[in-house]
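Asker: So the protein sequences, as listed, match chains Y and R.
With this note's numbering applied, the first sequence corresponds to residues 1 to 401, in that order.
With this note's numbering applied, the second sequence corresponds to residues 1 to 401, in that order.
If several chains are the same, the list does not tell them apart, and a pair holds so long as it fits within one copy or across any two.
List of simulated lysine-lysine pairs, DSSO-like, C-alpha gap at most 30 Å:
id : residue 1 : residue 2
1  : 275       : 340
2  : 282       : 351
3  : 275       : 131
4  : 275       : 351
5  : 340       : 282
6  : 340       : 351
In case anyone wonders, no lab produced these hints; they're calculated from the structure.
Everything numeric in this text was worked out from a predicted model, so none of it was measured.
2 protein chains.
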Amino acid sequence: MSRSPLMPVEDALEQLLAMADAQRLADSEVLPLEDARGRVLASDLVATLDLPPWPNSAMDGYALNLADLDQQPLTVSQRVYAGAAPQALLPGTCARIFTGAPVPQGANCVEMQENAEVLDDGRVRFLQPLKLDQNIRAQGQENRVGDILLRAGKRLGPFELAVAAGQGLAQLHVVRRPRVALLSTGDELVEPGQPLRPGSIYNSNRILLGHWLRELGCAVIDGGILPDHPAQTRLKLEQLQVSADLILTTGGVSAGDADCLGQVLRDSGKPLLWKLAIKPGKPLTVGHFGVVPVIGLPGNPTSALVTFGLLARPYLLRVQGVEEVMPLSFTVNAGFDWHKAGGRREYLRVKLDAGHAVLYPNQSCGVLLGASWADGLVEVPENSTHNHGDPLRFIPFNELF
Amino acid sequence: MSRSPLMPVEDALEQLLAMADAQRLADSEVLPLEDARGRVLASDLVATLDLPPWPNSAMDGYALNLADLDQQPLTVSQRVYAGAAPQALLPGTCARIFTGAPVPQGANCVEMQENAEVLDDGRVRFLQPLKLDQNIRAQGQENRVGDILLRAGKRLGPFELAVAAGQGLAQLHVVRRPRVALLSTGDELVEPGQPLRPGSIYNSNRILLGHWLRELGCAVIDGGILPDHPAQTRLKLEQLQVSADLILTTGGVSAGDADCLGQVLRDSGKPLLWKLAIKPGKPLTVGHFGVVPVIGLPGNPTSALVTFGLLARPYLLRVQGVEEVMPLSFTVNAGFDWHKAGGRREYLRVKLDAGHAVLYPNQSCGVLLGASWADGLVEVPENSTHNHGDPLRFIPFNELF
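Only chain Y is shown next, with the shape it has when bound in the complex (with noise of 0.2 Å):
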C-alpha cells in the first residue's frame, strides 16, 4: 500500500460535483402536486398569476374610501365576504368585508371591526385615525405575474408545492428520477429476516441507503447482495449498466485480495480509488462500468452514512440539476476533549446539550447505533487537537435527508 498523501474531502467533492454535471439528467416528467414531494423541478416556475390576485382585506372591517370620512357615519351599502366579487364602492358609504374578501374598487382604506361603531339605524362612525391603504394587501404585494418563483433545481417540499399549488397549477415539470443500482458486497452479508450463518452478518446498508435513496428522489433498482466472486460480480453490473443511472456499492472496496468488486472495476474501466482524508470511511472507489458510473462505499454501516452523506448526497443532487448540495451546517461548542490529532478529517456522531456537542461513547466505523443516537455530525479537522467548549462545524443529520 503506498503512503502518498490523503485526498481532502474537499477534492473528493469537487471531483464527485464535476462528475455529475457532466452525466445531469437531461429527461423530465409531469406530475402532479401530490407526487413530486422530494423531486427537483426541471424547469423555472413562473409566476402567471398576480398574488394575491387582487387587493384584499387583512381584517375584518369596514371597507372605505377616506375622502368620504367627512360625511361619517356612513351607511353600509354592501357586505363582501372573501370568495365574493364585490360591486364598486357607492360614493358616500362604507362596505361590510371580511378577512381575505376583496376591497371593492373605490375603496382605499380598511378599518376593523373593534374601532368602528355601528349606530342604531345601522350606520358607522369610525372612532380612530385612518391611513390610506391600511389593512389592504395589495394585489402582487407577494408576487407579480412573470417573476420566476421557484428556479429549476429547487427541491420540492411541502413548501415550494404550496407555492406552486398558489398559483393555481396543479401539476409540475421534474426531472426523472436517478436510477441508482444499490449493491451491497461482501459473502459474510445476510439479509434481515434470514436465519445467520456462522462467520456472517445482517446487511443493513440496503435498508439504510435504500430508504435515504428514495428520500433524495431517486429510484432504487435493488441488486441484491453480490458474491466475493469475479465472473459473478462482472455478470451482474453487465445486467445493472443497461438500467442504472449510477452503481452505488457498498464494501469490497479495501485493497485486500478479497476486493472482488475492486478487480472487476479494474478489469473492466478505469476506477479510481480514492483515499479520503475521511473517518470514518478513507476508501472510496469512484469509477464507470461502461459507462455508467459507479461510487462504491465503504462497507462499515457508518462509513458508509458518512461517506454516502457528505459526498454520495451532494452528487446525487447535482446529477439532478440541484445547485445547493451542501448541507446547512452550525458551530457548537466541543462537549469534550479531543487530543489525538489525526491526518484525516472525523466525523463523530454527537448529540447537543445545551449548544454543546456530545460524543456517543463508542465511534467506532462499525456501531451504527450511534448514528441513530446522535443529532448529528460535529467535523473535527484534519491533524487538530480541541478542548472542550472548543467551536466545532456541526451537520444535522435532518440536513442530510
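Assemble the complex: chain Y is given as a structure, and chain R must be docked to it using the hints.
Answerer: Leaving out everything else, chain R in the frame of chain Y:
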C-alpha cells in the same frame, strides 16, 4: 373582542401535549422495514444478537496468538474470508484474514498486511511490536443481547431501520398512523387546476399540510374545501368524525361573523379560541367535535405553516408516542435590526449567511414564497428589540419535517 392577555406559545404547547397524551394511539401494526420510514416504534427494540456476532478483523492481514510470536516466521494454516466459519487456529501458526472475517478461536491479535513480510516459503514474519486484541473488533462491542437499542416512541428514519436490519429483523411493530381529516375553510378557495373565480384565491394549504402530515406519519383524509355555510359544515364534520383521529382545519377561525367553522364548533362542543402570542399565527381553535379533537389553524399560508410546525406537529408526534417533539434549534446572529417590539413572539423567515440570519424582505403572513426561500425560522421574543449581530434562536425548517 376582549383585550385579554395573549397566551404564550409554551402554554399552548403544554395544553396540546396534554391533549395528545390523553389521546395516544394504542394500536400498532407490523410493517416490513421497507414501509416503516417515518413511522413510530410501538415497543422497545431489544437486541437478540450480539453485534458484531463474533470477534472479527478490522484489517486485511494475519491473525495469530501472541504466545506464538517467538516461533516466527509462522506458517499460514488457513485463509479466513468475511462470511466464512474459521477453524480454531493451529498452535504455532497464523491465519491469513480479511476485513470483517471472524477471528479464529485461539488467535488474540491481527496484524495488518502492510506490517507483515511474506517469505519465499510462504511463512510470515511480523515487523512491528504487537498488542493483545489489536485490530480485533470484539464480539458485542456495538451491542449485547438484551440491550435496548431503540425505545418505543422513536421515529424511524434510515438509521433506525438500519439498526433493526443489523439485528436481522425484517419487520417492526409501529404505532398505527393517526388519521387526520384535513379541511380548508373559505368560500374564496379554489383548488389548483380549476379556473379562478373573481374574488377567489387558490388553496395552497391542502398541498402544504397534506405533504407535511404524511411526512409525520399521518394518513390524510382529504376533507376538501368547506363552504362558509353552517349546515354543510356540520354535516361534513359529522361524516369525518367517524373515521378521523383529528380534524385539522385552516381558515375560518377569526371572530368575524363569516366564521362558520367557529360557529359550528361553538354550537356542537367546547371549542377554545386561543389568542396566541405568536406572529404569524395568533388565532388557534382547539377543541372537539363530538369526541374527535379539532385543531383549527389560521388560513394565511405562513400563519398555517408556523402554527402547524410549532404546535400541531408536536401534537401529532406525541399522539404517536414520541417523547422528544421539539425541533433542534441553534443560536445565530441577527443579520438585521429589529426595533418594533411587539406583544407576540415573532417567527421570521430567514436564510443563513455566514452565521447571520438574513430576513426575507416580505414577512407578511400571506407570503408563502418566503418560507421556500428561507432556511428556517428565527425567533424574536415578545417585547424585545435587537441589533444586528445579537444572538437569536434559529429553527431549521428541516428539523420540522
